[in-house]
Amino acid sequence: MSGAEDASGGRDARYRQTGDRARGDVDRTPVPDTDVCVVGAGPAGALVADRLAGDREVVVLDAGPRFDPADRLARQERAIRPFYDRPDVWDVGGERDAHEIAGDRPYPLNHARVKGVGGSTLHWQGMVMRLHEDDFNSGTARGVGPDWPIDYEDLRPYYAEAERELGVAGASDNPYAPPREEPHPMPAFEPSYSDSLFAEACESLGIAMHSVPNARNSEPYDGRSPCVGYGTCQPVCPSGAKYDATVHVERAEERGATVIDRASVRSLEHDGDDRVTAAVYATPDGAEHRQTADAFVVAAGGVETPRLLLLSAADRYPEGLANGSGHVGEFFMDHLFAGAGGTLDEPTRQNHVGFYTSACDQFYDEADEAQAPFKLEFFNYAGPSPVETALSGDDWGDPLLDQLREGYGNHVAMGGLVEQAPRADSRIALADDRTDDHGDPAPRVEWSVGERALDTIERANEIQVAILEELGADVEWVAGPDATGPAYHHMGTTRMSDDPDRGVVDADCRTHDLDNCWIASSSVFPTSGAMNPTLTIAALALRVADDVEARLSAQT
Amino acid sequence: MELTRRDAAAALAAIGATGGVALGVRRATGDGGRGGAEAEPARDGDGTPGDEAVREAMTAVARTVYPEAVSGLDAFVDGLLDGRLDGSAHAEGIRAAVAEVESAARSWYGAPVADLSPADRDDLLREMGADVAEENPDGTTAERVRYYVVNELLLALYASPTGGELVGIENPQGHAGGAESYRRGPR
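Protein chains in written order, with full-length UniProt numbering: chain A, 1 to 556; chain B, 1 to 187.
Honestly, I wouldn't trust all of these hints.
The following residues of chain B were derived to be distant from chain A, with all beta-carbon distances above 10 Å [as the list claims (entries may be wrong)]: (1) Arg-5; (2) Thr-48; (3) Glu-52; (4) Thr-59; (5) Ser-71; (6) Asp-74; (7) Ala-96; (8) Ala-99; (9) Ala-111; (10) Asp-120; (11) Gly-164; (12) His-175; (13) Glu-180; (14) Pro-186.
Quick partial rundown of chain B residues pointing at chain A, CB under 7 Å, derived from the structure [to be verified]: (15) Pro-67; (16) Val-70; (17) Ala-104; (18) Trp-108; (19) Pro-118; (20) Tyr-158; (21) Asn-171; (22) Gln-173; (23) Gly-177; (24) Gly-178.
Source of the hints: derived by calculation from the structure; they are not laboratory data. C-beta atoms are modelled at their ideal positions from N, C-alpha and C, and glycine is treated no differently.
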């Protein structure tokens, strides 16, 4: 393999129970006598499938391809070369991924997702924090949004299990983190050189720094390599040190699950007893199939999950499947980015790795009605990457080298994530006149953000600028309320509630309206907190798998 | 600063070819892709150049686009092309773009690019527009030359440890230089 333009996307391969991985002979027909059908082969779907596969006949359907691991270096080249945009790295875009943007704010949806086996963990940053206890009780503790119908304690054992499953490198030095029962599975990555510069400034300001949990191997783990420092974590890790959901997809297949790629689920069918009966999916040969099962788990993320429910509208459910509450698609949330950066008059050693190693959660639980929870991050990748700069300059030879030396070496930057409160007018709907490659209405993203989040971004900026100035930096940019953007965490669109009128799924993530349908996704988050969502997605997915198993067992 | 075949192997490991072990095998067997080690260099400027012609032209362009401070270009470019001229569509893109550079060199300067003076090589590439063009594998001649020739070489250099060190980063993006260097202070 050579050359970025050769990363041609997935290879046709379908791993049946026999372990047959032959290419070019792909069987995408439904599997008879299936117990559980999972829609989506991202982290949630992969974890559910892996957990159930040993005892149950499990089929996973994914709209995207199975990517060849041998293509990862070519995808990395795409990440570096200026010709390729971020969606090109994992072949996002085109008719399959058509969408409409109609909200107050632009939302670059195809930068924010990957379709295929592994899902968006293929391009994620790999940060895995637990939500704080008050995040589960935002209404009561902060006066904003509903409480979750579950508490931190309900999820706590699943968090520990999710950390083991994903492989998390972390330490217990964060005094602001919620209680934990055991060390992380791997030691944390050591602080960076630039962290040591920040530490002095933070100390004089009375601001705490601590380690940050990474779903990235700091030592060999689960048969995967430790980080080797490619520095392109987001959007691609060629070494496999960063967790992605292909880990659990492969394990599920080894345990007997069937994963069918390039199988776009167009609708879910139901019977007259409020049960889902089949997932109707299209395959590249133009055929349409029906995968029947006793239980269905929709794990298609915060955009495609509500879209699929809306596309499944029928006489019995005219507003969409599982939409008796009318809330499917509403309360679309993302985390808002707040950041600032500049330059020092000394080397800062940036862009050796693509992840960060220190954070500050000190201000997180100050949150109330006026201020959202937020966290701060100390970047190890501030300023330009010399190799990327070299490819887009307008000179070469010594003048180029001079430019690279001038541009690289003394940048510093901080980032941060801010919670946005759920709003009914921030939502995922069906587009009126835009369709996907199967002629189905595309998703329409209507993203809007309230004043609390925007005010909190300003608060985060104040702290960031204070730290940078204490550090002696020349502050050159601030990403404030006007320049903020989403962190690509799609949440809230099938919210969890004990009350069928107020939510789409119950405390077990089972839909209120259909007895045998669960949703494993950040789409069930009633509020979002400000922590990266994937560890919570994983914990909820493991909990969903347990509930599915318990209910299937009770039927037999 | 001397570029080595090890740098070429590191660059290939970064940008998508088989790397050091396979390099050795490929050299030993003479399996250099479509042209092969024994292929005739293309000399008329119209056909698709063979491996040796590509190597000569790319090394010549490297002398223009790489900084003066680097030496060992022959082995570096040779090692790079051992991996990149692998029969893929990308390899064909390199050959086609080199053919266009050669064609322009012969038309405008009456000699293959490898025989041009440093100043003429620099002028040639600028006259082709490769300095200001944005890379594009399917674009205009200038954009393709930028993609397959100029940026191919710059990517390999600045994703290698030696190229990174020229700028002050011994583990540049794309190079698997380990998870320790980010912790070290400046030397």
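Do the hints match the structure? See the list:
1. Arg-5 of chain B, annotated as away from the interface, keeps every beta carbon of chain A farther than 10 Å; the closest lies near 17 Å.
2. For Thr-48 of chain B, the condition that its CB be more than 10 Å from all CB atoms of chain A holds, with the nearest at approximately 16 Å.
3. The beta carbon of Glu-52 of chain B is kept farther than 10 Å from every beta carbon of chain A, the shortest such distance being approximately 19 Å.
4. Once the 10 Å rule is applied to beta carbons, Thr-59 of chain B is consistent with being away from chain A; the minimum gap is 15 Å.
5. The claim that Ser-71 of chain B lies off the interface holds: its Cβ sits roughly 14 Å from the closest Cβ of chain A, which is beyond the 10 Å cut-off.
6. Here Asp-74 of chain B stays apart from chain A, with its beta-carbon at least about 18 Å from theirs, past the 10 Å limit.
7. Distance check for Ala-96 of chain B against chain A: the nearest CB is about 13 Å away, which clears 10 Å, and the non-interface claim stands.
8. Every beta carbon of chain A lies more than 10 Å from that of Ala-99 of chain B, the smallest distance being close to 17 Å; the non-interface claim holds.
9. The beta carbon of Ala-111 of chain B is kept farther than 10 Å from every beta carbon of chain A, the shortest such distance being approximately 21 Å.
10. Chain A leaves Asp-120 of chain B outside its interface by the beta-carbon criterion, the shortest separation being 14 Å against a cut-off of 10 Å.
11. At the 10 Å boundary, the C-beta of Gly-164 of chain B falls inside the reach of chain A, the nearest C-beta of that chain being 7 Å off.
12. Distance check on His-175 of chain B: its Cβ comes as close as 7 Å (rounded) to a Cβ of chain A, failing to clear the 10 Å threshold; non-interface status is violated.
13. Listed as a non-interface residue, Glu-180 of chain B fails to keep its Cβ farther than 10 Å from every Cβ of chain A; the least gap is roughly 8 Å.
14. Non-interface status of Pro-186 of chain B relative to chain A is broken: a Cβ of that chain comes within 10 Å, the nearest being about 4 Å off.
15. For Pro-67 of chain B, the interface hint holds, since its Cβ comes within 7 Å of a Cβ in chain A; the closest pair sits about 4 Å apart.
16. At a threshold of 7 Å, the smallest CB-CB gap from Val-70 of chain B to chain A is about 9 Å, leaving the interface hint violated.
17. Interface hint at Ala-104 of chain B: violated, since its Cβ lies 17 Å from the closest Cβ of chain A, which is beyond the 7 Å cut-off.
18. Hint status for Trp-108 of chain B: violated, given a least beta-carbon distance of 19 Å to chain A, over 7 Å.
19. Because the smallest distance between the Cβ of Pro-118 of chain B and any Cβ of chain A comes to about 9 Å, over 7 Å, the interface hint for this residue is violated.
20. With 7 Å as the threshold, the beta carbon of Tyr-158 of chain B comes within range of chain A, its nearest partner Cβ sitting at about 4 Å, so the hint holds.
21. Look at Asn-171 of chain B: its Cβ gets to within about 5 Å of chain A, closer than 7 Å, so that hint holds up.
22. Evaluation of the Gln-173 of chain B hint against chain A yields a held restraint, the C-beta minimum of about 4 Å falling below 7 Å.
23. Checking Gly-177 of chain B against chain A: minimum C-beta separation of about 5 Å stays under 7 Å; hint holds.
24. Of the supplied interface hints, the one on Gly-178 of chain B holds, with its beta-carbon coming within about 5 Å of a beta-carbon of chain A, less than 7 Å.
Hints 11, 12, 13, 14, 16, 17, 18 and 19 from the list above are not met by this structure, while the remaining hints are.
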